[in-house]
Structure formats: C-alpha cells, structure tokens
Amino acid sequence: MEFFIQLLINGLSIGFLYALSALGFVMIFKSSSVLNFAHGELLAIGAFFFLVLSAWAKLPIVVCFALTLAGCFTLGFVIERLFLRPLIGEALIEVIMLTVGLAAMFKGLMLFAFGGNLFRYPDFLPQALSIKWGAVSIPSVYVAAVIIGLIFLGVFGFFFKYSSQGIYMRSVADHQPAALSLGVHVRRVFALSWAIAAVVCAMSGIILGIMQGINVHELSAVGLKVFPVVILGGLDSIGGAIVGGVIIGLLETFTGGYLSTSLREVIPYIVLVLILLIKPYGLFGSVEIERV
Amino acid sequence: MPRLRFRPCGNFKERYEEEITIFETDFGRVWLWVGLALLLLGVPFIAGPYTLYIINNIGIAGIGAIGLNILIGYTGQISLGHGAFFGVGAYSAAILASKVGCPFGLSVLAAGVVTAMVGMIFGMPSVRLKHLYLCIATLAGQFIIEYVLVNWESLTEGAEGIILPEASLFKLNLSSDRAFFWVVFVCFAILCWMAVNLIRSRYGRAFVAIRDNDLAAEGMGIPIFRYKLLSFGISSFYAGFAGGLWAYYTMSITPEPFTLFLSIQYIAMIIIGGLGSIPGAVFGALFITMLNEALSWATEYMMNVGVFAGGALTLAPLREFVFGLAIVLFLIFEPKGLAEVWRIVRSSFRLWPFSY
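Those protein sequences? They're chains A and B, same order as listed.
Taking our numbering, I'd label the letters of the first sequence as residues 1 to 292.
Taking our numbering, I'd label the letters of the second sequence as residues 1001 to 1356.
In case anyone wonders, no lab produced these hints; they're calculated from the structure.
You may find that some hints are simply not true.
[Said to hold, decoys possible] Cβ pair distances, simulated, as ranges:
hint : chain 1 : residue 1 : chain 2 : residue 2 : range
1    : A       : Phe156    : B       : Arg1343   : 43 to 49 Å
2    : A       : Phe156    : B       : Arg1200   : 50 to 56 Å
3    : A       : Asn117    : B       : Ser1168   : 32 to 38 Å
4    : A       : Asn117    : B       : Ile1163   : 29 to 35 Å
5    : A       : Leu92     : B       : Asp1026   : 19 to 25 Å
6    : B       : Gly1161   : A       : Val78     : 42 to 48 Å
7    : B       : Ile1163   : A       : Leu263    : 26 to 32 Å
Note that beta-carbon positions come from the ideal geometry of N, C-alpha and C, so glycine has one too.
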C-alpha cells in the first residue's frame, strides 16, 4: 500500500509537470494551429537561461526569474517573426518541418554551448515547503511545482477569459477569417501566442530542471512526451492538457512500478495510438467538421 | 514513332497521352540512357572506395526517399515513422539472412514485403485520422517499433545487433563497394521507373486526388481508405527494400540508427528535394547524404587542425545545428525544393537568350 501511495504521488507530480509543459504547446496550437516540435528545446532554453543567471551570474532568484521570463518572451517573438511568419498559409507539413528544423538548430546550439552534461540549480527552495505525512514524504520541489503551476493556470485562465488580448487569441483560434474581418490583428496574436508559449515553456523548464537536473537530451525528450498528453486531453483544450498530463504521468509511474521499467517509456505512445483510434479528438478537444 | 524534334515554345498538347508522357522529346530519352550508361559503367571505375561508399549510401537513401515521397508528396499522408520502417526492413533482411539462411535477393525482397505489411498496419489509423493527428499517430508508431527492435531480444538480439553473412548473387560475391554499387543502382533504376509509372497510372491519380482533397476524392468514387493503405504499403515497401540493402551493405546492424532522427532526415530529404517529385526525392537524398558527410568531414578536419584541437569535441553538435538550419532556410526561401531550382536552371538554359 505504501508503495502504491508513493507511486501515486510520484505519478501525480510527474503528470502535473507534463500538464504544465503541455500548456505552452496547447497555447501555440490553439491560436495558430502549429504543431510545435521544438517544444522540448524551448523548455531547455528556459532552463538553461535560468541556470546561467542563477548559478553562474549569481543574481538573486527573483531577478533571475523575471529576467528568464522576459528573455523567453522576447525569444518567442523573435522565433515567430523570423521563422514562422514567412510560412503563414503554407502547407501543414512545411510548418511542422520548420519546427523540426528549429528543434535541431536549438538543440545543436545548446549542446555546443553547454555540452550534454547534467547541471543542477543551486538549492534555493525553502525546506518548509516539503510535506511529511506518515510514511509518505513529498519533497519541496513537487510542492513548489504544484503551487507555481496553479498560479500559472489561474493567471492564464483569467487572461483568456477576461483580457482583450486573450479574447482576440480565442477568436483567432476559433475562426481565423472571421477574426480578421472583425479587425483582430492576427499576426500580432500569433506573435503574442508564441511569446507567451515560450514563457510557459521556460517556467516548466525551470521546474523540470529543479526536479531532475538540467540536461539537453532529457528536456528535449520531454517535448515529445507532450504529444500523448495533448492528444489524450484534446489538442486545443487547456483543461484537457492538465487531465491528460496527470493520466499519462500516473500511467507511466504505475507501469514502471508494477510491470517493467522499459515499457514505461513506450506506454504513453501505445495509449496514444489507442486513443487516436477510438476518440481522435481526445477527451475535451473540439471535433473538426469539414466540408468540401 | 520517332519524335526527334525540339520542344515547342508553348503548350500545344492535344491529347491526354501527351500530358502524361514522361519524355516530351526523344532527346530526354537519349540523355536518360546516356546518363544511365555513364552511371553504371563510368562511375564505379572512376570513383575511389570512399566516394563509392558515399554514392552507394545516396542510392539507398534515394530509394527510401522515393517511397516517402509517394506517401507524403503524392498521397498527402504525413508519416514520421519512415526511419522505423527502414529499420524494420533492415532487421527483416538480417533475420532472414542470418537465422533462416535466405539468399541475398530473396531476403531483400522479403524485407520489402514484410515492411509493407508493417507499414499498412501502422497506416490503419488513417481511416479516421488525417493531417496532424495522423502525423502524431505515425510518431507513436516510430517509438513503438523502436521499442520492439530493442526489446524483442529473442528475434532481434536487442542492443547487441545482428551480423549478416556476405551478400552474394548468382554465386558472385557482392561484398566489395563496386559490386554493391551495381546492385544498388540497378535496383534504384528499377524502383525509380516503377515509381514514375505508378504516378501516371490510375493509382497515382487517385493518390493525388486524395492529397488535394480527400472528401472530394471520396465523393468522386475513390475508395480512399484502400488507396491510403496502398500508399502506406508501397511507401513502406520502398523503405524496407532500402533498409534490407543497407543491412547487407553495413554487414552488422543494431537498433541505434533507426531513431526519430532518421525519420526526420527522410522528411528533410523530400522537403529539400521537392514534395511530389520523384527526381526531387533523389536530389534530396543526394543533398542530405552529402551534407552529413561534409559535416562529419568538417568536424574531423577541425579536430586535426591544431588551433581547434581543444574545441573540436564541442564542435560536433554544430552538425545538428547546420542540419536544422538547412531545413529552415530551404523552407523559407525555396519551399518547392531543389527540383524547382533544377527546373528553373533548365528552363533558363532552354530559353536563352530570349527569356522572358
């Protein structure tokens, strides 16, 4: 039973992380229907940005945090302006391949700058955050992850629901030509959604980095794990990303704990194929209706 | 009917056969035969072993890329699992050769057929899925196949890999680069010819109709699921055939090369070469293989030059950067790929000096 509860908690926290890292992905998909294969690299960029500022430049943590978020916001803008905008209106495969190319570029650059080693952040989380409850202990990292994640979810929920930019973004996601004709600046919405997605990625990258250390290869592998999560939840549903993330995280830890550790890596993809066959638009995704 | 005449200066086609003909004038046909003769009789005697090794790899990659272009470029079904299918082909050839004792020709062909079956299974989701969703389903296929290759140890020997016997055809030993060159490029020519003609047939037209609008295609009476599966099958056959040849050529295989990165390289080939064009796939295979060789050569060179000796190890990741950069630049500046560049060059020669 203890083993079960420990697995449950591990699964929930890993799942929450997947959910958090899927958020940026859903954000980009929702507003510009771009399937972002460079997602893991964006996570890694955020994590390394924070590493450079906190461990090497030794700035105070809050400043590091603010600078990282600002830097990634700018980076998102630049990526959209330089690479994605020339491809607006091109075929799907070209946009997908562009993000694949971007992924290779970023990964190469990061490996060049930092190498494939494992880095760690200096310990800055207060110990008071850790929870001990009978035989079960939850390290402070997980608690911090949940808190930060909840804050972000709240902020973005409000942003999408009430702010004018958020409403513009939703309108573009819903029907692009209609949004254009009503005077929404669609290109600005695209740029903004990439910038926000980069910020969310940086956030999740930092949390992932605190939990498991920072390694280019592992962080970019997480970027591929996002696919089962978002498909399960529905590609364009933020709530779905969270539910999907938690389910995939639980599934992974339970498979790793009870069945076999090697199956653990591939089980999300097996589930992915099954979901696609049974319910292609996921749990909460909106069904696309097509006309000739 | 001899048609030894120059190309007319406009579009004067009157019949449908003129539209789908491969060679508009007999000069094209003559040049093809001259080119084939030069390739098969000239190149193996001029090129050194290392060049020949690269050329063979280009040929094998070309076969795989043609297959992928039938699937993505003509049928419009995006597949991220081509590298895994290539691996399935390599493993089937290796298992048939080392455990069953099949001869070279049979096991390569069987590798193609086995891979076609596997490809059709992983093409099943295309009943209901398209675009992004299909793309993600094939991504899952890639990971599942990778997992099976590593973990089905009784069949694939896991991470240790399989060592193949030397290839021989009609009691001729094919282990030298030159002998293998002929095998690869005869197969390449035959498969190219098949692909070009497939595209002109009713099957090819059905593929293109599905690519352009699958609902409309269904409305016109094309059984789209059957054709999608067929396209997956044909494309995987090419991948498996190429994989089988590659397994025999490298003599020992492990699951290591057949990762997502290989799939991405194949997609990069057809995008850089030109989607929906058979010569484009070949150009792309040429470009990517040469780029890989050039990059590894540059890394090695840097390592040997004294100035960079310290930094050489950290220069290796720049290969990945340059690879990504090539994809991105092609997509932004020449989305139709090298095939389009080649067409522009040719027509500017033809129109010279009165181009418009």
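* Should the hint that Asn117(A) and Ser1168(B) are 32 to 38 Å apart at their CB atoms be regarded as holding? -> violated, 47 Å
* Phe156(A) and Arg1343(B), beta-carbon distance inside 43 to 49 Å? -> Given a distance of about 48 Å, which is inside 43 to 49 Å, the answer is holds.
* Whether the CB-CB distance between Asn117(A) and Ile1163(B) falls inside 29 to 35 Å -> holds, 34 Å
* Would you say the C-beta atoms of Phe156(A) and Arg1200(B) sit inside 50 to 56 Å of each other? -> holds, 53 Å
* Asked: Should the hint that Gly1161(B) and Val78(A) are 42 to 48 Å apart at their CB atoms be regarded as holding?
  -> 43 Å Cβ-Cβ, so the 42 to 48 Å window holds.
* Return holds or violated for the Cβ distance of Ile1163(B) and Leu263(A) against the range 26 to 32 Å. => holds, 28 Å
* To do: Can you let me know if the beta-carbon spacing of Leu92(A) and Asp1026(B) is within 19 to 25 Å?
  => violated, 40 Å
This entry does not satisfy hints 3 and 5, going by the numbered hints stated previously.
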